[in-house]
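Protein chains in written order, with this note's numbering: chain A, 178 to 689; chain B, 9 to 534.
Derived from the structure by calculation, the hints contain no laboratory data. All values reported here derive from a predicted model rather than from experimental measurement. No residue lacks a Cβ here, since even glycine has one placed at the ideal position from N, Cα and C. Some hints could be false.
As the list claims (entries may be wrong) - Computed cross-link-like contacts, DSS-like style, restricted to lysine-lysine with a CA-CA straight-line distance of at most 27 angstroms: (1) A/386 to A/453; (2) A/279 to B/241; (3) B/144 to A/386.
Unchecked claim - Not close to chain B: a few residues of chain A, all C-beta gaps over 10 angstroms, as computed: (4) 469; (5) 470; (6) 529; (7) 553.
As the list claims (entries may be wrong) - A short, non-exhaustive set of chain B residues, derived as facing chain A with CB atoms under 8 angstroms: (8) 156; (9) 495; (10) 508.
One-letter residues, chain by chain:
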Amino acid sequence: MAAFSRGRQRIKAFRTIIFTRPFTARKFDYDLVVIGGGSGGLACSKEAAQLGHRVAVLDYVEPSLKGTKWGLGGTCVNVGCIPKKLMHQAALLGTAVKDARKYGWQIPESLSHDWPTMADAVQNHVRSINWGHRVQLQDKKVKYLNMNGSLVDKHTIRAVNAKGKEMTLTTKNIVLATGGRPKYPTHVPGAMEFGITSDDVFWLRESPKKTLVVGASYVALECAGFLTGLGLDTTVMVRSIALRGFDQQMAGLVTDYMEAYGTKFSWRCAPKSVEKLPSGLLQVTWMDLKTKEEHKDSFNSVLWAVGRAPETKTLNLEKVGVEINKETGKIIVAADEATSVPNIFAIGDISEGRPELTPTAIKAGKLLARRLVGHSDELMNYENVATTVFTPLEYSCVGLSEEEAEKRHGKDQIEVYHAFYKPLEFTVAERDATQCYIKVICLREGEQRVLGLHFTGPNAGEVTQGFSLGFQCGLTYGHLRNTVGIHPTCAEELTKLNITKRSSLDATVTGC
Amino acid sequence: MILMYLTYTWGNHFNYCIRRGVGFLLMEILSSLARLRASFLTLERSLSSSRRLISRSMASESVTRYDFLVIGGGSGGLASARRAAELGATAAVIESHKLGGTCVNVGCVPKKVMWNTSTHAEYIHDHEDYGFEGAKAHFSWQLIKRKRDAYVSRLNQIYLSNLDKAKIESIHGYARFTDDPEPTVEVNGKKYTGTHILISTGGHPSTVSEDDVPGASLGITSDGFFELESCPKRSVIVGAGYIAVEMAGILSTLGSKTSIIIRQGGVLRNFDALISSNCTKELQNHGIDLRKNTQVKSVQKTDMGLTVTLVTKDPEVKDAQEKLDTIHEVDCLLWAIGREPKTAGLNLSQIGVKLDERGHIVVDEFQNTTRPGIYAVGDVCGKALLTPVAIAAGRKLAHRLFEGKADSKIDYNNIPTVVFSHPPIGTVGLTEDEAIKTWGKDNVKVYTTSFTPMYYAITTRKSKCIMKLVCAGKDEKVVGLHMQGFGCDEMLQGFAVAVNMGATKADFDRTIAIHPTSSEELVTLR
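Here chain B stands alone, though its shape is the one from the complex (with noise of 0.2 angstroms):
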């Protein structure tokens, strides 16, 4: 590992010698020098791989040993893997299920696939106000269930290859923290262990206990949203996070009638007030039925489907009465109340791996969990459960390990997120209320934007713009940017990079707009 460092530093040095264009000889020096690295490098992998084959022996059980272990095969591990791998590391990642993870199996793009469905219907309303005649459609869920699964499949298939092309093991099973005095896992009766081992199992979606809800069971989660076979005819979404304002939009916009049940006002209540407001706003005029301060009682099953009884209490009314209702011939009761994540099975209070309140595994911001030699990258940390997110802490965790880079770590600022309702939402940084919080409310100035994205300029079907600026200090640094409407998602990265890099009021103001855009609406807010 230290010789890897130290060929890796002087390499680099000799390198920015040569930029400095110090010259010929030097430029003869670091050839030799690199040809010796690789020699070096070479070393080091045939001393790992033989590793590989040390077997030792521990109650007659043999132990296959990696540089780098990883435990779940999803966006952040495999991406840790093959950084790792790409620094000469032997690597091996164990996945009990598909490779891919919740974002490729049953999450982002199964996800990203149906909302691209859904937003041809929006088109198809609007086609006879562009001209076009005759564009009356009728969906078939099957075939683009199919096509989906089929292009889920295919990625599948492209992690593995990858993994294999990258020379990373691929183990299939569940893996087990042993007992054994230094970090082993089992999987299928084999045992593994790694000079790091990095844990992203991931999460899972929350579900229901039928003590609380009788019936809850008959619902189903985001998992089970990409199993069904048919469009339903009345969904009911149970949650007011993103998932079930995405899983309502698409579901809604596809034509099935859909309730939104919500606990308390609004939806997406950690996001910016003016999101949060607009958002809940948004789903009404889809025509999606919203329950406010209503909860789930119970879920009955009946020969027309199934019957979901709610109560709703006004907690703005004192003494305000339960009052009782039932949505009957529910065919889609969707629980969308949250993530959890996946750590059962793993055994790893065994290894003094400490876990929050929550499950969630307890990692520093260098990803370390509490047992020296582990660490854990993604939502299982329960920390911005995004897949960006994750590939980015396995990546600057391989380079750390593997590269010597010490101070190798994500930033968790400015994280942008988009949430593809309909119109989808894009957001980075902090909201006015955490911005008032942190520079006080005399510190931060909010510009505020209302339009008609020019796409609806000649359609019936309207639908707003809204955009935020929040700004701190007195040069006005943009520290919060929220908006929700037609294009946000694409809109979003660059404006996050600028964030990211402390773009200001005034550098807003003298970046010129492209027109016509929405976007430019963000450099032109007076």
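Just chain A, with the same shape it has in the complex (with noise of 0.2 angstroms):
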């Protein structure tokens, strides 16, 4: 509170200037207004105040239904890739006890985890995150409102704060950043009044315990991973198929080791009912779609993990005339963009057709940025873009899917390369390698240029990274031939890799 009158006294002092510059040198309030401070809306407000533009951003964070809130950062910073993977840390130090006997460390086996100690240190880090972004706005002379903007034309904004407070802004740009939130399944009953979804799941005071997980994509999938890896009863309801989208092997792999791990999976389910019992605890009624049964038991937690929608409600985008998708959603965008209102652009998860990525986000902000003061004419380019999946096994990818090159290339066009490794690590600890693994997707002709680059093992991300870059710079299978590996690590497996699926022949591999 404190905070928001300073803003506003600010906001009052920052008025008179303006309003004594001669009328031609402003026409509107503002050069730039971004609706949303998560990842993409804070790089485009930075970089554009830092090139000189008079820059405002607006950020309003519509609590949970279980009334978790958050501060500054979007959903990156409070609710999504910070949280999540130190929360996966934390699932991997669980494993790493375990590794840490078979290395010959003593340890007792009471060893337990204290939920409100590792919540407590992850939500300090985030506040930590979220006070930064405050000072970075600050020190970037970017006008920072803690309020929820909405369209009122397309050069107006009409911001509201939590008390009801009003104001008005005028733009010559506005950059629409309002990202995503997690959906629930309003068919049903009990899914609102008793679930949980990710925005809440990091913020809990209490360990969630028995948890039920539903949904298969990546969220779901990595959530349950650290509820597992923490030592809780994590099960992962699945109506059709795991991280749709991706490489559906590698998919295997991941669900496959955590079946291993001790993750639970209802494949084939779907939830029919969730009700609160006298004793407190959540019963899940839901039907096997194979068998048509119906099955219950109960949860301690419930947490949806069904997919992702636009936050796109409170903006006020059809009165403007701001085209979205019906079905999705998300805003429509040029290249460079724009949404159907030239003026009017969108960046990061709320735009049709993008990936859901911070970094893609954050540099789709920055390159915008550099274009509206009229820096350069740089456009985003989507293409070769890696991710993580920080299951208890990563897996990290960049460029196709072997589905993906098979219908755009041709099963017999592609070569795909691959090796089950072991990583040095997990032979002394004992642990069962058989997910380990590598896929190199290849044209088969000429220089065999690679069109996917697919990895399961410790540290993916940090992995992947480099290969991206190749990725970027036209990687072929000879250039990671050509290069000498780094021994002992797993990551210059990349670069031994030599049998092909085609063969047949046996992929582990064996020795140095």
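Dock the two chains into a complex; use the hints.
Structure representation (structure tokens):
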């Protein structure tokens, strides 16, 4: 509150200054107003301000159904990448304890995990980032308004704060970057009343204990993965397939590993209802789609991870004529991120057909700012974006899935090099490495240009970044083979690939 | 040989035609040709195997002959022999010790097992911060030693069976070149020769003579480290190279009070200056007692362990006094002052294989020694002492000798290297100083960053990650990449591929980050 009133004083001060300027110098209050202070919005507003534009950013978090709310920085910082990876890391440390015993460390069997300790640490870190973003905006002279913005016309924005106070801003350009929020299955009775989503799980004060995770997207699998790793009884309920859109062989490896790791899977099942029992437990009824039988079990928590919806309700898009895709609800954008209204742009999860990833939003935001300022005309390249799924066995990839490569080029026109490798850290720890796998899909012709690169194993994200750079530069199979390996690492296996799927030879790596 | 070469090129040519889609007819011709080629190969092979049985009468001794005779069953020798065998050559490997060489027995593999062991010590420190209660650990060196040895034995066994599977003869014993006119080696009284002979005997840790440092032999080397049966309480590591850094890190993390004795002001002095200074700092942050400008003067054995006497002299200060100091109750004095080629006993001078002043075998870019028909790969050549380099060189050589690929050789540029320090170091390409020397100061631009990896966001123990890109020329081609931090070991490989491809700073910039990782910092450097 104190911060807010200070902010308000600053608005007044700012207005006084601009009103004293000659009218011709400023037709609008701002050159740019960004609605949404997530990864994309912040990057865009900071870049534009740094290049000399007058910029305001509006950020307002509508609390989740469970009442969870958070600070500046959007999904990634508050309810996405950052807390997710930290909790994933906590879970990995749980696995590390088991490994450590095999490495000669004598650790009492009674080791337990305390959720509040971890949650406090994670939440404190998130708050420090929230604060960091505030400071950065100030440093870069971006006006920050903790207000909900909606469009009045193509140059005017109405802003409302939590107490209902209103103000109006006029601006030359508008960038919409309000992102998305998890969906609830509205057709399942009790789902909204008793369930939580990824908006809540990182902010829980107490352990969610026995948890049912519904969905098989990467969000679902990541959450289920770290909950399992922290020692919780965790079940994933999957209607059809896991990691839709990803290479399905890789998806299978990821879920196989999770099953071996202790995550339970209810395949081809769909929830029917959630009821609260007198004990406080949640009783979930579901249908097995194969047998058509109904089942019941009780859980402490039910986490819905059934997809995300763009946050467009309060923007008043229709009034101003910003077109959306009726099916997805996302804003239709051109290559330069422009919407159907030329001075209104959209970046990040809210825009149609874009990857829902922080780095793409950041980069798109920066490039957009540079174009708006007239500093450059470079467009965002959405091709060849590498991504990592932080499941217990991490999975990272860049380029096409094998299915997509077959579809685009034909099965006979691609060569798939693959290897089942054993990370050295697994050997002494006596861990099963069945799912540690590398697959590089190449064109069969000529130089064997790499079409897709897939890696499951420890540190998958760290391993893949450099290869995605190579991919960006036109990576071929020869480039991989002509690079000297780094021994002993997992990453070196990518330079040693020599077995093709076509050959049907055993792809298990032996020796050094 | 010529026959094989021709059949190979034919095959290749027709494969090419098929790929171009020339048609069925050609396919027919090709398959018959392939059959023909196969029979040529069989002929060639049977010729060679029969050759093996030919014993020449020479001072009433029989000589066993192979297409490819490899002296030294380490990474380079084994890889070369196996590739040669795959290409149809008869091959034999002579090894006096265990198969696998330095890497498997007293190098990369057991070293990384110990490094992994020590990273667990670091994790255990962080457990409480991540919500795990009761993570009090006691460490059993004996247990990990036993498991490590078992793993190494398993690898030895795998190497042996790989040789068997490839029908490669394995000969146990020391090889010595005889004075026969044709290069011939003797092992346990039996003579062997090869159309091509490869020397891949590797190296061993350097030691200090008793004359230079009285009591020096009371110390061990990295070889001895792997024989330690318990965790030393008090360790003194002498040296500033990567082995010294790795050993000091492992011992210290596993609970040994560790000193590292370096002759000059920093460790890893042939690395980029940023890495050298950062690693020196990290060792100290880690609680390692680092003695700069210091050498060991003498070592005495007492009832309470070794007493190591040190002499320190600051070269910066003119007429500085030598300061003496002693470290008592040392139970592990480890010399890590370099490595030497293993050529003793081979009798190389006899056959005209030239050595350089440090005893390394002199080879050209194709691994040819000064004696035709004799080649050398790996540490014995003294260049880029790394397992994958030896493997690559060995395989390239096999392709040149047995597949007729005349230009098959390895490129020594941009070889990526990781040092398993705490935290690990990754480096590829030129250091900043080297780049300036090559390109001129005005043509070199450097980007650096330093950050705390997210892993440490919620831990009390912190460690920074530093990164440096060295770019050259107008287009800012990335000619060097250097980093130290959590995860840098696994980050480097892909970047090495890209650097090899000639990636520019602009290519780095247009690569989308993977979030949240540390490696993304390399593509978002400003």
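Under 8 angstroms, Cβ to Cβ, is where residue 156 of chain B needs to be relative to chain A, so tell me if that hint holds or is violated. Given a least distance of 7 angstroms, the restraint on residue 156 of chain B holds.
Against chain B, does residue 469 of chain A hold up as non-interface, every C-beta pair farther apart than 10 angstroms? 42 angstroms, holds
Quick one, is the residue 495 of chain B hint okay against chain A at 8 angstroms, beta carbons? At 5 angstroms from the nearest chain A Cβ, residue 495 of chain B passes the 8 angstroms test, so the hint holds.
So is residue 529 of chain A really clear of chain B, every C-beta pair being over 10 angstroms apart? Label holds. Min Cβ-Cβ 19 angstroms, cutoff 10 angstroms.
Does residue 508 of chain B hold up as a contact with chain A if the rule is Cβ-Cβ below 8 angstroms? OK, holds: residue 508 of chain B within 8 angstroms of chain A, min 5 angstroms.
For residue 553 of chain A, is the shortest beta carbon distance to chain B beyond 10 angstroms? At roughly 12 angstroms from the nearest Cβ of chain B, residue 553 of chain A sits farther out than 10 angstroms, so the non-interface label holds.
Does residue 386 of chain A sit within 27 angstroms of residue 144 of chain B, going by the straight-line distance between their CA atoms? Holds, at roughly 25 angstroms.
Restraint status (C-alpha distance of residue 386 of chain A to residue 453 of chain A at most 27 angstroms): Holds, at about 16 angstroms.
Does the structure keep residue 279 of chain A and residue 241 of chain B at a Cα separation of 27 angstroms or less? 22 angstroms, holds
Interface-negative label, residue 470 of chain A against chain B, beta-carbon threshold 10 angstroms: 39 angstroms, holds
Checked against the numbered hints above, the structure violates none of them.
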